[in-house]
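Sequence lines, in order, name chains Z and A.
Counted the way the numbering used here counts, the first sequence spans residues 352 to 607.
Counted the way the numbering used here counts, the second sequence spans residues 352 to 607.
Honestly, I wouldn't trust all of these hints.
Any copy will do: because identical chains look the same in the list, a pair fits if it lies in one copy or spans two.
[As the list claims (entries may be wrong)] Simulated crosslink set (DSSO-like; lysine-lysine; CA at most 27 Å straight-line):
no.	residue 1	residue 2
1	Lys464	Lys367
2	Lys570	Lys479
3	Lys464	Lys570
4	Lys475	Lys489
5	Lys573	Lys489
6	Lys401	Lys444
7	Lys441	Lys547
8	Lys441	Lys489
Derived by calculation from the structure, the hints in this document are not laboratory data.
Protein chains: 2
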Amino acid sequence: MVLALQRYFVPVTNWKTDVVYITGDDVHHISRVMRLQDGDQIICNHPEGKAATCEIISLTKDSVQATIIEWLNESVELPIDVTIAQGLPKSDKLDYVLQKGTELGAAAFIPFKAERSVVVWDAKKMEKKLNRYTKIVKEASEQSHRTKIPQIMPVLTVAGLIEEAANYDVLLFAYEEEAKREDHQSFGTILNKLRKDQRILVCIGPEGGFSQGEVNQLKENKFLPVRLGPRILRTETAPLYVLASISYHFEELRWV
Amino acid sequence: MVLALQRYFVPVTNWKTDVVYITGDDVHHISRVMRLQDGDQIICNHPEGKAATCEIISLTKDSVQATIIEWLNESVELPIDVTIAQGLPKSDKLDYVLQKGTELGAAAFIPFKAERSVVVWDAKKMEKKLNRYTKIVKEASEQSHRTKIPQIMPVLTVAGLIEEAANYDVLLFAYEEEAKREDHQSFGTILNKLRKDQRILVCIGPEGGFSQGEVNQLKENKFLPVRLGPRILRTETAPLYVLASISYHFEELRWV
Numbered sequence: 352m353v354l355a356l357q358r359y360f361v362p363v364t365n366w367k368t369d370v371v372y373i374t375g376d377d378v379h380h381i382s383r384v385m386r387l388q389d390g391d392q393i394i395c396n397h398p399e400g401k402a403a404t405c406e407i408i409s410l411t412k413d414s415v416q417a418t419i420i421e422w423l424n425e426s427v428e429l430p431i432d433v434t435i436a437q438g439l440p441k442s443d444k445l446d447y448v449l450q451k452g453t454e455l456g457a458a459a460f461i462p463f464k465a466e467r468s469v470v471v472w473d474a475k476k477m478e479k480k481l482n483r484y485t486k487i488v489k490e491a492s493e494q495s496h497r498t499k500i501p502q503i504m505p506v507l508t509v510a511g512l513i514e515e516a517a518n519y520d521v522l523l524f525a526y527e528e529e530a531k532r533e534d535h536q537s538f539g540t541i542l543n544k545l546r547k548d549q550r551i552l553v554c555i556g557p558e559g560g561f562s563q564g565e566v567n568q569l570k571e572n573k574f575l576p577v578r579l580g581p582r583i584l585r586t587e588t589a590p591l592y593v594l595a596s597i598s599y600h601f602e603e604l605r606w607v
Numbered sequence: 352m353v354l355a356l357q358r359y360f361v362p363v364t365n366w367k368t369d370v371v372y373i374t375g376d377d378v379h380h381i382s383r384v385m386r387l388q389d390g391d392q393i394i395c396n397h398p399e400g401k402a403a404t405c406e407i408i409s410l411t412k413d414s415v416q417a418t419i420i421e422w423l424n425e426s427v428e429l430p431i432d433v434t435i436a437q438g439l440p441k442s443d444k445l446d447y448v449l450q451k452g453t454e455l456g457a458a459a460f461i462p463f464k465a466e467r468s469v470v471v472w473d474a475k476k477m478e479k480k481l482n483r484y485t486k487i488v489k490e491a492s493e494q495s496h497r498t499k500i501p502q503i504m505p506v507l508t509v510a511g512l513i514e515e516a517a518n519y520d521v522l523l524f525a526y527e528e529e530a531k532r533e534d535h536q537s538f539g540t541i542l543n544k545l546r547k548d549q550r551i552l553v554c555i556g557p558e559g560g561f562s563q564g565e566v567n568q569l570k571e572n573k574f575l576p577v578r579l580g581p582r583i584l585r586t587e588t589a590p591l592y593v594l595a596s597i598s599y600h601f602e603e604l605r606w607v
């Protein structure tokens, strides 16, 4: 929503001392879509999360050369590392979660097969789709001016998800029923305890939510149930509520 | 995401002392889609925001009769009355804002013609689309178990929007540039000052955002600029961030 220099993610190998080489689809985007020329400026994102303003010094059919003018000192990444584990939803809802979740600052996405996931899904199918998914998160990262592209992990089972949980400090799952219990911790209480360097894994059930078996499994493995407001959210809306709330709490609330 | 009784919005005129009459599309939904029968229970929403558990006592091709078993005592509506003014976006993005915005608790939507709105739009076109829009917010209200259906207002100009502003306590517009200024109030600071009975109007620019002229106009008329996190959000994502943050702040943060 603000007019700014176009951004491109450039692989490590294409960064030289003071020059950046852009290749692949981005060349077409620079010359044909944006119609940029020698002397025009762009922002190049380094995979390590740094970004630099660069000036185009040469354009050919398959590569663009730009000189680094200055390294930017920005912090547009969420101070909390949030991974969204999404129960495989129907139709193209996963595309949508990847695009919006990237805009809202997710660090990674883990699609998982839940009991109530109706889509048939296997490693092969994921492989096929991975190219599109990678393109979606790359473009959403550029559009939202992020300096990191979220990771998309292979499809897991709930058991696999529980193994993966060992890599996180805080484990949550969306489960509004829980909110009715006395000993329930609100999402706000949980975020208040979170420290800025921590990693959080948030699991969202598919259409129909988690089965009772899955709920028990998650609870037994230290996943805390959270309510995302008193209204029932669709499976593709829940991760956006989680990410927007975390951004609001740590980036806009500024109560400390 | 929780299995619960199906909800139907029933116009005032169809509520009798202890019986409710359901007519129109919902009859088909009850008998054919949900395959409900005599003795099955549903929740009927009264336009005033009340809801009751009802038991079906008769089904015909064009009407369903149900007795009121008990009035529910629920509060699933946002404690703040939030109206989203959406700069007319491209393609079907408005459908999307209406559906997700309803799930997230919006009280009303005002589409408006911004300088950078590329879609051609007139009262006629709106009239045509209004049926679909009304259906979207009704179904999203039912699905998210809301007790009120958000209002969809006619398309306004920015001037019209500024007139409309007289009906609200707090006026905001999404404008990340502003966040760079020293005297800027964060979204959190603004929500901290908000009282639970107040009405808030939040304006979101179309693709390309607000023009400088519109920004000045809005500021001169007491609209406060807010940043929605440091990342650049698409026009259809911004209202979801606003609503999720307000829900989080007033329904889940519980810091008082």
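Ascending list of hint numbers which this structure does not respect: Structure breaks hints 1, 2, 5, 6 and 7.
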